[in-house]
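Undergrad: The residues making up each chain are set out below.
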Amino acid sequence: MTENDRPVIELKHVHKHFGDLHVLNDISLTVKKGEVVVIIGPSGSGKSTLCRAVNRLETIDSGEILFEGEPLPREGRKLAEMRARIGMVFQSFNLFAHRTVLDNLTIAPCDVLKTSKKEARQEAMRLLERVGVADQANKVPAQLSGGQQQRAAIARALAMHPKAMLFDEPTSALDPEMIGEVLNVMAELAKDGMTMLIVTHEMNFARKVADRVVFMDGGCIVEENTPEAFFGHPKSQRAKDFLSSLTAH
Amino acid sequence: MTVSQLLNQYGDRYLQALFTTWRLTFFSFLGAFVIGIVITVLRVSPIKPLRFFGDFYVQIFRNIPGAALLILLVYALPYLKITFPYDVCVLIATVLIPSAFCSEHLMSGMNTIHPGQIEAARALGMTFFQLIRRVVIPQSLRSAVLPLTNLMVATMLTTSLGSQVPLRPMELTGIVSYINTRSAGGVMAFAISAALYCLTGLLIGAAGSWIDRKVRILR
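So the sequences go chain by chain: A and B.
-13 is the number of the first residue of the first sequence in the numbering used here; add one for each residue after it.
24 is the number of the first residue of the second sequence in the numbering used here; add one for each residue after it.
Don't take every hint at face value.
[To be verified] Below, in silico cross-link-like pairs of lysine to any residue (SDA-like), each with a Cα-Cα straight-line distance of 25 Å or less:
#1 Lys194/A with Leu229/A
#2 Lys64/A with Thr150/B
#3 Lys125/A with Lys237/B
#4 Lys125/A with Ser232/B
#5 Lys100/A with Gln153/B
#6 Lys103/A with Leu88/A
#7 Lys64/A with Ser102/A
#8 Lys149/A with Gly139/B
#9 Lys237/B with Leu154/B
[As the list claims (entries may be wrong)] Cβ pair distances, simulated, as ranges:
#10 Asp161/A with Ala90/B: 52 to 62 Å
#11 Phe152/B with Ala128/A: 18 to 28 Å
#12 Phe152/B with Glu105/A: 18 to 28 Å
#13 Phe42/B with Ser131/A: 30 to 40 Å
#14 Thr135/B with Thr16/A: 33 to 43 Å
#15 Gly166/A with Leu226/B: 50 to 60 Å
#16 Ser131/A with Phe152/B: 28 to 38 Å
[Said to hold, decoys possible] Residues from chain A shown here face chain B by an in silico Cβ test under 10 Å; the list is partial:
#17 Leu58
#18 Ile72
#19 Asn80
#20 Met146
Hints are computed from structural coordinates only; laboratory data are not their basis.
Backbone N, C-alpha and C fix where the C-beta goes; we use that ideal spot for every residue, glycine too.
Could you put together the complete structure from these sequences and hints?
TA: Pasting the structure below:
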């Protein structure tokens, strides 16, 4: 196995129930180093739950989740250390409302990685520059547009030098004109070789950026294929129905 | 006696009493604030017995009358061979009761934090204490400035418990009994203390509003 074939994220027969709802049904999925995997599917299909289970924001009932070959610790400091290596971007940005954008990027590196304050600030400014919100560094999140907040949130995750990034519907809460700016940042990241697991409804983005598309429905992975094959010739009826429902109107 | 006669004769003592009330209020509130934060952290900690203890603490001290607590401290504790000076007894009572309320205010301040921010902190690898210190307590404090201002006023009024024990120097309520046992100060003696309480309350209120404007979180 070469370095690049090494799985970064590995799910093996993962099950989870929310009450009677079997929200993750025997999910097995591997994301290799540098790979961009996009999960699509109707709402309620379990795709967000899957994404959140990878850094244990959701617990699972059975099965196994490995990150860089190690099983996810159940709780405590060990889990925190593992999470520090996994970047996460949320639908609702979740920037810390009481701190400036710059502080949002420096708190975790200073506290968790013990980076010096000066170094963390330099790195933060470099990242804000990269996602195009450096001029907003000293504002608080509420003063930024949604797109700017989400780009800052991506930068905040990157400040921890993650080995992989999880995106849980990162553009679903954005006004249409701001979606592009966030997707551009994500496409850049993908080009730079970041390992990414992305839950999204942006089909064009999936087509262009994904190495692999995973289609989920009813808690199961129904189909897994290259974007060309999936969007060109979906195999399952459910995927066909889903894709046609997107273009129906 | 008229107000001016009272002030002529007892002005110094009123002033001393005012400062005593201020000093008691300051230390009581400080103690209540620190303990309130600690109790709140216990109440949200991942360890069940600590959560239980925190909740229990709040239920006890939120529901016990100040006078009853003071009587216990002054008259019951000596039976257990624990005797505190009077001023310490008053201070303990005026710390414990407001600390329970302080914790309740912080808990409601915590409810203003979007749960997503907690998840974000966890996803960044922050431990429980880092999360508490960096995200939860700062935001709940900043959202609770006005209720905490009320609490400080209530704490000030609670320090009048000091009149129930031989406290030296006397605070604003105690001084009234002192004066009225010596002169026929009547209701005017009370009125002066009441005015000084009001003045203090107004100052606390103004300071609270100012701090609230400064630290309020833009959402």
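Undergrad: Look at each hint and say if it fits the structure.
TA: Evaluated hints:
Restraint check for Lys194/A and Leu229/A: the C-alpha separation of about 16 Å stays at or below 25 Å, so the hint holds. Taken as a hint, the Lys64/A and Thr150/B pair is honoured in the structure, with Cα atoms around 10 Å apart against an allowance of 25 Å. Distance hint between Lys125/A and Lys237/B is fulfilled; the C-alpha atoms sit about 15 Å from each other, no more than 25 Å. For the given pair, Lys125/A sits about 23 Å from Ser232/B by alpha-carbon distance, which is consistent with the 25 Å threshold.
A threshold of 25 Å between alpha carbons decides the hint, and for Lys100/A with Gln153/B the separation of about 12 Å falls inside it, so the pair holds. Taken as a hint, the Lys103/A and Leu88/A pair is honoured in the structure, with Cα atoms around 11 Å apart against an allowance of 25 Å. With a CA separation close to 22 Å, the supplied pair Lys64/A and Ser102/A stays within the 25 Å bound. At roughly 22 Å between alpha-carbon atoms, Lys149/A and Gly139/B fall within 25 Å of each other, so this suggested pair holds.
The straight-line distance between the Cα atoms of Lys237/B and Leu154/B is roughly 23 Å, inside the 25 Å bound, and the hint therefore holds. Our hint of 52 to 62 Å for Asp161/A and Ala90/B holds, since their Cβ atoms are close to 59 Å apart. Against the hinted window of 18 to 28 Å, the Cβ-Cβ separation of Phe152/B and Ala128/A comes to about 27 Å, which satisfies the hint. For the pair Phe152/B and Glu105/A, the beta carbons lie near 23 Å from each other, so the given range of 18 to 28 Å is met.
Between Phe42/B and Ser131/A the beta carbon distance is about 52 Å. The supplied range of 30 to 40 Å is therefore violated. Distance hint for Thr135/B and Thr16/A: a CB-CB separation of about 41 Å, consistent with the stated range 33 to 43 Å. Roughly 54 Å separates the CB atoms of Gly166/A and Leu226/B, a value that falls within the hinted 50 to 60 Å. In this structure the hint that Ser131/A and Phe152/B lie 28 to 38 Å apart at CB holds, the actual value being about 33 Å.
The beta carbon of Leu58/A comes no nearer than 13 Å to any beta carbon in chain B, farther than 10 Å, and the hint placing it at the interface is violated. At a threshold of 10 Å, the smallest CB-CB gap from Ile72/A to chain B is about 7 Å, leaving the interface hint in force. At about 4 Å, the closest approach between the beta carbon of Asn80/A and any beta carbon in chain B falls short of 10 Å, and the interface hint on this residue holds. At its closest, the beta carbon of Met146/A sits 6 Å from a beta carbon of chain B; the interface hint therefore holds under the 10 Å criterion.
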